[in-house]
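Chains as they are written, first to last, in my numbering: chain F, 1 to 177; chain S, 1 to 511; chain B, 1 to 327.
Just so you know, the hints here were simulated from the structure itself, not pulled from any lab data.
Fair warning: there could be bad hints in the mix.
Below, computed lysine to aspartate or glutamate pairings styled on DMTMM-like, alpha-carbon distance capped at 20 angstroms [stated by the list, open to error]:
#1 K344/S to D56/S
#2 K148/B to D246/B
#3 K29/B to D83/B
#4 K413/S to D81/B
#5 K231/S to D56/S
#6 K148/B to E133/B
#7 K266/B to E130/B
#8 K393/S to E295/S
#9 K164/S to E295/S
#10 K156/F to D52/B
#11 K498/S to D91/F
#12 K413/S to E133/B
#13 K266/B to D300/B
#14 K3/F to E206/S
#15 K471/S to D56/S
#16 K133/F to E435/S
#17 K231/S to E76/F
#18 K156/F to D65/B
#19 K344/S to E281/B
#20 K508/S to D175/F
#21 K29/B to D52/B
#22 K2/F to D77/F
#23 K2/F to E76/F
#24 K3/F to E112/F
#25 K433/S to D175/F
#26 K508/S to D78/F
#27 K176/F to D52/B
#28 K2/F to E84/F
#29 K141/S to E130/B
#30 K266/B to E299/B
#31 K266/B to D81/B
#32 K29/B to D175/F
#33 K233/S to E34/F
#34 K164/S to E76/F
The primary structure of each chain is shown beneath.
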Amino acid sequence: MKKTQSKAFANLVGSIVFGTLGLWALIQTFSFQEAGGATTYVQPAVFPQIMSTGLIIFSVALLIQSVWNLLRMKPEDDAAQAAESINFVKDKGVLAGLVVIALCVLFVVGFEPLGYVLTAALVSAAIMLLIGKRNALQIILVSVLVPLVMWLLFYKLLAVNIPMGALQFLRDLVDKI
Amino acid sequence: MNWQLLAESYAAVFTNPQVLLMTLLGAAGGVLLGAIPGMTATMGVALLIPFSFGMDLVPSLGLLLGIYCGGMYGGSISAILIHAPGTPSAAATLLDGYPMCQKGEAGRALSVAMFSSFCGGVIGALIMTFLSPIIADMAMKFGPGEMFMLVVFGLSVIIAISGKSIAKGMISAFFGLLLCTVGLDPTNGIPRFITYKQTALLEGFEFIPLLIGLFAVAEIIAGVERIINGKEKQERSNEKIKNVLPDFKTIRKIWPNILSGGLIGTFIGAIPGAGGDIAVFVSYGFSKSASKHPEQYGTGIPQGVAATESANNGCSGGAMIPLLSLGVPGDAVTAIILGAFIMKGIQPGPMMYISELPTVYRVFAALMLANLAMLVVGCLGVRFFAKIVSVEKKMLYPIILVVSILGAFSINKSVFDVGVCVAFGVIGWLMNKYEFPLSPILLALILGPMCEQNFVRFMNIQHGNFFNIVKSPIAMVFFGVALLVIVYSIYNQHKINKREAAARAAAKNAQ
Amino acid sequence: MKKFISLLIALAMVLSLGTVAFAADYPTKGIQVICPWAAGGGTDACLRAFADAVGRQLGVTLTVDNQTGGGGILGHQAIADADPDGYTLGMITFELATYNALGQSELTDLSYDPLCRVNTDAAAITVNAEWAETNGITDLESFISYCKDHPGEVQMGGSSNASVWHIAGGYLMNETGIEIQMITYQEGAATAVQNAAGGFIQGVTVSLAEARSFIESGHLVCLGVMDAERNPSFPDVPTCAEQGYDIQYFTQRGLALPLGVDPEIKAVLEEACAAAAEDEEFVEFMNNNGQTIAYQNSEDYAAFLAQSMIDVPAAMEAVGLVEAAAE
């Protein structure tokens with residue numbers, strides 16, 4: 001196994017990502033507006049500064065630890081075990097995960113214009129097809145009934161108004177009953 | 001303590017058919033509301049207030065308390081079965097509940113959760129009945145400095161829930177604390193990481209969409225990945241549920257956790273502003289530290305579930321103490337219950353114990369009844385809930401997604417929140433892959449705002465002199481305990497890692 | 001499938017045609033009322049009770065829709081942006097007057113067609129009883145003279161930043177020339193009251209209803225309520241005006257329509273609101289809840305809102321809120 005597939009390497013990547021985030025946040029805090037007034041003893045920037053500094057410190061600690069592990073680890077060490085893959089070219093599962101994420105983004109984009117029930121039906125049907133569900137009747141039943149029932153539950157029971165898009169008439173229908 | 005009046009009040013409450021019916025309805029509704037992520041007991045209680053206006057005080061209280069107690073338990077159902085805590089108070093239940101479900105012990109996990117919830121609730125109700133005045137006095141002594149140190153104590157649990165690497169747990173925690181600072185600064189209203197024009201983020205990230213994203217959405221993405229790679233096991237409900245209550249052997253194992261959880265929950269719940277979401281983590285951390293086998297926590301053991309579920313239901317009793325004896329609500333639900341009293345022309349507060357003692361005793365009895373009703377509903381439901389895991393995974397995941405997204409939306413009716421939920425689903429998925437623990441983020445999100453607000457408030461009141469905090473004995477006790485917890489958890493984690501390394505080495509030698 | 005969808009769309013169009021509003025037979029269906037604050041809060045409780053009463057007048061259901069977030073801005077925005085067909089209205093609150101001054105939103109009183117004012121709750125000056133006793137404070141006058149002798153020393157709590165009770169402190173300073181330190185309580189007035197009762201701060205500038213339990217228990221003493229008349233639930237608490245300080249300051253809640261609603265529809269709603277404000281159940285609810293009904297018709301309410309757009313920013317300046325946002 002290559003060292004780049006080990007947990008130690010994954011930790012290295014993680015520490016760099018979070019460290020960079022902390023650094024970015026810390027830099028941002030210096031451009032925060034200051035609060036005026038004689039009774040302000042803690043500026044708004046102070047708390048985020050402490051938190052981003054903490055994030056940086058522990059990211060550096062993890063960085064050092066993972067570099068040390070990469071250089072010194074023995075095959076039976078925990079750090080030397082294989083980390084989970086995020087390579088979507090080689091790993092079909094990761095690719096499927098990315099497709100689900102794309103579908104979720106579609107969910108967000110379509111929520112307002114198309115309405116909840118329609119988008120939910122499309123997205124859930126697509127996911128079921130993706131993961132190899134082939135029973136057409138079940139797919140249609142689940143993707144149509146579940147969003148409808150959830151909408152009814154939230155709308156009638158909790159009076160939560162949910163965008164319905166093209167299916168607005170359903171709401172009018174339910175209101176009439 | 002007026003024993004005769006107490007007995008009369010109990011009798012009056014437990015023999016009133018309207019009260020019994022309302023409490024049972026409330027508990028059933030609460031369990032349902034709690035179990036669906038994004039539907040909260042607060043919503044249910046708020047909507048029922050106008051409806052309960054026509055009722056007498058005790059039946060309407062029965063209804064509200066039923067929802068309150070039922071909701072506390074309901075949250076654990078989805079935490080155990082689908083890795084999505086239905087309420088923030090159930091967030092720590094999934095640490096051991098979900099692994100239990102994956103081991104094919106969903107029914108056992110549910111019954112342990114139910115039994116512990118009931119016992120925790122009873123402990124809370126008993127403490128409330130007998131110690132209210134003393135605890136209310138204590139709650140009055142909590143000012144900004146004491147609250148700040150309580151938060152520090154809460155944060156000290158992070159190491160205990162960090163998993164293998166303390167550095168990674170701390171990174172998660174600071175990431176969560178940093179997330180809390182997005183939005184308007186609470187003291188001066190100055191925008192941080194945003195501009196005034198980003199209206200949706202003025203109050204920062206909404207908690208529940210984030211929670212649903214990090215746990216439910218992330219689990220769906222990971223689940224799809226497992227199915228494609230052929231690694232998903234389908235749990236069949238081959239587990240025979242003979243008794244809906246846990247067996248005697250299990251009870252003997254979990255009773256210390258229930259006892260400590262109930263006490264911790266009641267105590268933390270009694271502090272206005274601190275609630276079940278904090279209590280569950282503190283109780284979990286305590287149980288893990290006190291255990292002889294801390295390494296088993298997080299692998300799916302009933303003790304972990306018992307510790308958290310007894311704590312959040314203990315909280316409901318605790319939260320009623322400042323409500324009744326000070327008129328100060330501890331959380332959103334008790335704030336609404338306070339409204340229910342006021343609407344009936346009764347002002348909870350120190351005077352209530354003098355002028356309205358029979359009412360006070362009836363509330364005690366109603367809370368006990370609400371816990372019983374929750375047990376009844378739970379017992380009837382366990383078999384049914386446990387069936388959820390045997391739904392084919394290929395259908396279950398899309399269903400959870402559809403429900404979760406709607407839950408994220410309904411908190412503020414904001415599509416932006418749905419986007420936040422999905423974004424954190426991706427973050428949670430990636431962090432899981434790289435073994436960064438997610439629970440510290442959650443604890444940080446719960447405690448972060450309290451931490452900052454109370455710190456800044458303390459500094460402003462003390463004119464910038466932080467070391468005045470040594471003048472408060474309560475604050476110092478919390479600080480001391482926090483230090484102890486930190487040192488002990490580091491030692492504990494070191495021990496666990498050594499044991500695991502030894503186990504790995506032994507396994508290798510055996511090959 | 002295609003056929004099915006086109007059928008659905010056709011059906012939708014037919015149904016939506018059938019629900020176009022004609023003023024003559026308004027209302028024909030349920031009305032939606034937007035609440036910018038969360039379910040279970042004071043605004044929500046007041047609105048739900050009032051919506052029920054208006055619904056009884058109109059013979060249709062008014063559904064309360066909580067559109068929360070952004071410190072109430074999102075809900076206020078949603079009311080202004082709603083379809084002006086008369087089937088969506090909303091409750092606007094005190095905070096509307098602060099948004100523009102804080103630079104958070106373009107919304108002002110002119111973004112709405114005000115329908116009626118429903119409720120006002122006056123701020124009150126309430127202090128810790130023990131502290132008052134040791135410093136010889138018995139009424140508003142002695143409090144003000146103490147504050148003048150100890151400028152900046154008295155610490156008062158007033159709910160969250162830029163909230164109505166926080167600004168009440170600024171108003172008090174403006175009107176009396178004293179200097180006090182306002183401590184913010186993001187968690188809400190209840191925590192501020194509890195801290196005042198515990199002696200961590202000296203007092204609060206919240207409404208009487210919110211400090212009620214501790215006033216009754218003797219932990220807190222109310223020195224004066226900033227209203228024209230005494231509060232019927234607290235007949236013993238004097239007003240500031242009685243003590244020679246003409247200070248009036250309160251939060252307000254009212255119904256508003258988006259701009260551009262047919263005047264005939266508005267007239268129907270106005271009539272229903274006027275009757276609802278005297279509805280027996282609503283009055284009983286508000287009395288029990290400690291909230292004061294302060295009905296104003298559309299015209300008066302519009303004038304009141306316009307005045308508050310001038311007064312509130314002036315008070316915000318005194319607590320240092322406006323300069324902070326100006327940059």
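Hints, one by one, checked against the model:
For the given pair, K344/S sits about 8 angstroms from D56/S by alpha-carbon distance, which is consistent with the 20 angstroms threshold. Proposed proximity of K148/B and D246/B is supported: the alpha carbons are some 18 angstroms apart, at most 20 angstroms. At most 20 angstroms may separate the alpha-carbon atoms for a hinted pair to count; K29/B and D83/B meet this at roughly 15 angstroms. A threshold of 20 angstroms between alpha carbons decides the hint, and for K413/S with D81/B the separation of about 15 angstroms falls inside it, so the pair holds.
For the given pair, K231/S sits about 56 angstroms from D56/S by alpha-carbon distance, which is inconsistent with the 20 angstroms threshold. For a cut-off of 20 angstroms, the pair hint linking K148/B to E133/B stands: about 18 angstroms separates their Cα positions. The hinted pair formed by K266/B and E130/B fails the criterion: a straight-line CA distance of about 53 angstroms is larger than 20 angstroms. Using a Cα cut-off of 20 angstroms, the hinted pair K393/S and E295/S is violated, with the two alpha carbons roughly 30 angstroms apart.
Among the hinted pairs, K164/S with E295/S is consistent with the structure: their alpha-carbon atoms are about 10 angstroms apart, no more than 20 angstroms. At roughly 17 angstroms between alpha-carbon atoms, K156/F and D52/B fall within 20 angstroms of each other, so this suggested pair holds. Restraint check: the Cα-Cα separation between K498/S and D91/F comes to about 33 angstroms, which exceeds 20 angstroms; the hinted pair is violated. Restraint check: the Cα-Cα separation between K413/S and E133/B comes to about 49 angstroms, which exceeds 20 angstroms; the hinted pair is violated.
Distance restraint check for K266/B and D300/B: the Cα-Cα separation of roughly 15 angstroms lies within the 20 angstroms cut-off, and the hinted pair is therefore satisfied. Pair hint K3/F plus E206/S does not hold up; C-alpha atoms about 40 angstroms apart against a cutoff of 20 angstroms. For a cut-off of 20 angstroms, the pair hint linking K471/S to D56/S is broken: about 47 angstroms separates their Cα positions. For the suggested pair K133/F and E435/S, the alpha carbons sit about 30 angstroms apart, so the restraint of at most 20 angstroms is broken.
A C-alpha spacing of about 24 angstroms is found between K231/S and E76/F, which places the hinted pair above 20 angstroms, so the restraint is violated. For a cut-off of 20 angstroms, the pair hint linking K156/F to D65/B stands: about 12 angstroms separates their Cα positions. Only pairs whose Cα atoms come within 20 angstroms are accepted, and K344/S paired with E281/B is accepted, the gap being roughly 13 angstroms. Of the supplied pair hints, the one linking K508/S and D175/F is violated, its CA atoms being roughly 67 angstroms apart against a limit of 20 angstroms.
With a C-alpha separation of about 15 angstroms, the suggested pair K29/B and D52/B falls inside the 20 angstroms cut-off, and the hint holds. The suggested pairing of K2/F with D77/F holds, with an alpha-carbon distance near 15 angstroms, which does not exceed 20 angstroms. Distance restraint check for K2/F and E76/F: the Cα-Cα separation of roughly 14 angstroms lies within the 20 angstroms cut-off, and the hinted pair is therefore satisfied. Distance check on the hinted pair: K3/F and E112/F sit about 46 angstroms apart at the alpha-carbon level, beyond 20 angstroms; violated.
For the suggested pair K433/S and D175/F, the alpha carbons sit about 46 angstroms apart, so the restraint of at most 20 angstroms is broken. Pair hint K508/S plus D78/F holds up; C-alpha atoms about 12 angstroms apart against a cutoff of 20 angstroms. Restraint check for K176/F and D52/B: satisfied, since their Cα atoms lie roughly 18 angstroms apart, inside the 20 angstroms limit. About 13 angstroms separates the Cα atoms of K2/F and E84/F, which keeps this hinted pair within 20 angstroms; it holds.
Between K141/S and E130/B the CA atoms are separated by roughly 15 angstroms; this keeps the pair inside 20 angstroms, and the hint holds. Of the pairs offered as hints, the one joining K266/B and E299/B holds, with about 12 angstroms between alpha carbons and a cut-off of 20 angstroms not exceeded. Distance restraint check for K266/B and D81/B: the Cα-Cα separation of roughly 17 angstroms lies within the 20 angstroms cut-off, and the hinted pair is therefore satisfied. As the CA atoms of K29/B and D175/F are separated by approximately 8 angstroms, the hinted pair is consistent with the 20 angstroms bound.
About 55 angstroms separates the Cα atoms of K233/S and E34/F, which puts this hinted pair outside 20 angstroms; it is violated. Proposed proximity of K164/S and E76/F is supported: the alpha carbons are some 16 angstroms apart, at most 20 angstroms.
Hint violations for this structure: numbers 5, 7, 8, 11, 12, 14, 15, 16, 17, 20, 24, 25, 33, all remaining hints satisfied.
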